[in-house]
Amino acid sequence: MSAVSSAPETQLTGDVIAARKPARFTLARKTIVTPVLLSLLLIAITLITVMTGSRPFNQTVIDVLVRVIFVVGLYIFIGNSGVLSFGHIGFTCLGAYAAAWLTINPIMKSSALPGLPDWLLQTRLIYWQAAILAALFAGVAALIFGKVLMRLSGIAASIATFAVLAMINTIYSNWDSVTGGTSSVVGIPIIRTIWPYLIGAVAAIFIAWAHAISRSGLALRAARDEPTAAAASGVDIPKERLVAFVVSGAVMGLGGALMAHSIGVVTPDTFYLSLTFITLSMLVVGGMGSLSGGVIGVVLLSALIQALRWMEGGVSLGDATFALPKGIQEIALGVIMIVILALRPSGLMGNREITLTRSKRNM
Amino acid sequence: MAYKIRIVATALASVSLAFPALADDEKVVVGFATAESGFMEAYDKPAQEAAMIRIEEINAAGGLLGKQIEVVKADTKSDRAEGAKAGLSVLDQGADLVVVSCDYDFGSPAALAAEDAGQVSFFLCAESVKAGIQGVGPHSFSASVLAPVQGATMAEWAFKEKGAKDFYRLLDTWTVYNKGICDGFDWMMPKLEAQGAKLVGEDTFKNEDASIAAQITRIKSLPKEPDAIMLCTMMPGAVSAIKQLRAAGINSMILNGSGVDGSYWLSAVPDLTNFYVPVQGSIYGDDPSADVNKFNTVYKEKTGAEPSSQYVYPGYVMIDVWAKAVERAGTTDADAVVAELEKMKDEPTLFGTRTFTPELHHQNRARYLIVETKAGKPGVVGEWTISEPVPMEAILK
Amino acid sequence: MLQTLFDALSLGSLYALGALGIALIFGVMRLVNFAHGDVIAFCVFALLWPSTDAMAIVFAGQLPWYLLVPFVLLCGAGLSVLCEIVVFRRFRNANPATMMIASFALGFVIRYFLLMLYSSRPKSISLLPALSQPVEIFGARLPLLQLITIVATMAILIGLTLFLRQTRFGLEMRAAAENFSMARMLGVRANRVIMGAFALSGALAGAIALIFGSQTGTVDIQMGASIMLMAFIATVIGGLGSLGGAVLAGFLLGAASVVMQVALPVDARPFRDAFVYGAVILVLLFRPQGLIAARGTKERV
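Protein chains in written order, with the UniProt record's numbering: chain C, 1 to 363; chain A, 1 to 397; chain Y, 1 to 301.
These aren't lab readings, by the way, just hints derived from the structure by calculation.
You may find that some hints are simply not true.
Below, in silico cross-link-like pairs of lysine-lysine (DSBU-like), each with a Cα-Cα straight-line distance of 30 Å or less [as the list claims (entries may be wrong)]: (1) A/300 - C/326; (2) A/302 - C/326; (3) C/326 - A/27.
Same shape as in the complex, but just chain C (with noise of 0.2 Å):
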């Protein structure tokens, strides 16, 4: 594949994409509906949300935003690529540890992690400061990665991922003096009004969007549904991965960022196996390889959640009330995932995209 990359490649990638879309800002034009849609639709449940007052469910939504970020993140990689990455997740822990070390008051992070470097003791930023940072510490990260990892394809680079999610894990379980081990890094401060998760998901539709109709993110669907031809006509495919594996590696962080100011406290093993797997489900249940797709994955399952939810907690119908039993929720989830994915193996919405006309395949 890399015996390719050195032919005149700006030239031969235009062509390639010369035959898919008009010039660059026509097809921005034509594209940007989705992306504003998908933020009106999340901007819609933020203010209903406001609207009720309720801090429980104010709490819901900023995990559900969180999650947004993170589908979103997942997408970038795994959408444009085709390529299953089970190790995203281990770039979450890293935002969200620089988020904790960025943000910890330096008296409280100089008992609890004495293992850092001097300049990072103390430093004190504010939370979104710390999460920009925490965005390219990721991005960093995954550029190092990347560069190794993105020689694979197919099975052995989804492995690879998940062995690299594996190492992180390991590493932050272990450091004490720098990530405190297994126990909970604590002190991150906890922002509870729900804007700043707004414009976190909204700011990661955009850069997905941005990423996709960019020359790289063209290129790199290209090499995913013909990637003979992409090859071919000069598509350097493990460099054009790379680009959309360090930005969403960057996405990640800061959803991690914003997961550690939102819960208050981390854990390495809160980054691990199990949140790997739901938000894949959101991604792969909504449409692998459609940005509305992840977005309305996670919404709706997050929704259906909630709802099984409250069934269990129990519902008045006139005089009895009703209540699941406890447990019966997760099952009926898996269930449901299981009929959705069997009846539409594509997931939702398959390759497709939401816009003001009706759905279009790929942007």
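Here the structure of chain C is known, so what remains is to put chains A and Y in place on it, guided by the hints.
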């Protein structure tokens, strides 16, 4: 150091928005933001039942400040993000006391929500120093005893009472609780070494390891089998480790933390012998205190089963000390209750004494009963209180 | 030294059996079955009577060994075939990611079903207690169980090899593993072969459950997960679809894990898994198709 941390915690708390308590004057509300489903449920529920027993006793005796205690609940689903929601949910229902999960990691999101709102939070049975001022803030407490006390107790007791000289340290790196036990052991060891004890080796494993054969081989390659193995681990890996140690023919004393208390798992290692666990009260019906044995009967009447481990007891202690503090303060106002709690010094409870100070909302020294399992039968063989409290440096390690 | 060899072999046996169970199914339907770990857990739980008490009520676990072993194997095979009929049959033509997520969702359902019946508290069971005694072999003192694990694994591997090589069914299965559509065209009945693969894979899960259960004495909802992960990795570095490769890689992973535990200094030991996974990445970089690449699974470019 402790003083500094307290300032930090206070500062943190004052920065965050203090929500006005929505307390109803007619009743006192205790909110349980604990796991009613998922894997933490097995640990939260027994302690919660014990707490309910104390609440019913108080209500039957006329209530607290003349008002009945009302209980509200929210399920954390054994999930951290859900924990934060559960905490907010019981606060919205007017909780004066927020009771959170047994484990610091799973309880802290709800406790932090309570701290934000300026309400008292109590961990059901967390044994990490963070479950309190250090990890939540000045309104947070734990009803149990610090894990390092358990490790220190077992080491000192084995040396003084059983004449153990050669110790081996086997740590399961899975949780802070495990590391805490070994931290206490590490603090005690140099004192014992000055008196002739010796640490002959150490190793680590992971709770989920399918086999600890390599670790066992390392023990067996020692010139002489150690007198005692300090095993810092918890369920479910503990059973596996104990079973494998014995199956390999290692017959040393095995010293543990309280996490392995209970007879429900003993069938897995038939005829287990030379096995020691520190407990706050005995579930085996042979507690030196008749009141503990009476409590066990009440618990059985109420839940249909005897306590499965000593982790039932802290739930009872928790409501007991909190209610005493409320009575003394004459109000459920958080700051007044905290001030009363912090005045408690060696406050007697059914399950040993409790001391809270403005630096530590936890026990750094406690009387422990030692339960020996002999030929598969557990029973109390003695009690031990460590010669000096575990210092802050060892706890915070 | 000899002791270490046995340690490595017995851990490797568990991984190899797990990897084989995953590779069998992958071979015939390109499905990475994440529910495999939960099938293992189910087999152990099947020995207990459903109850949420702390004390386990042993039910089938009291059977004598000559009934117990077939019972557990049948449980695994039965559940596995049931999964195929109810769920995976509907995913024959889906892409691998969809199947993978469906299998994960199925595992989720099995896990929470067990959780409802048995509660989350890990329970204890004395399974085949006679095996917990030490024996002396070439100067090394090992638990009898370790020896039996190794011997049983070898027996299973030899038996399976004979089965796949000597019987018509085995031939069909191997043909299907190499090129499923071609085999179908040549008259191999797809449903029968796939069900056979699921049954074998489930029985292997039962075998792991037996070994694991008697070794740890614990019945825990999470117990299949760690073995499943290692088995999954072994399947990939062994060469997806290659049964021999899966077994070889399973043993290698077991050996790597044990050797690192022995060789690393005490401060680095907690990081053991990071080194193991690092080695996995290295293997993949040098042999992306796995140690023994199965024919027919190569990506054509």
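Which hint numbers does the structure go against, in order from smallest to largest?
No numbers; nothing is violated.
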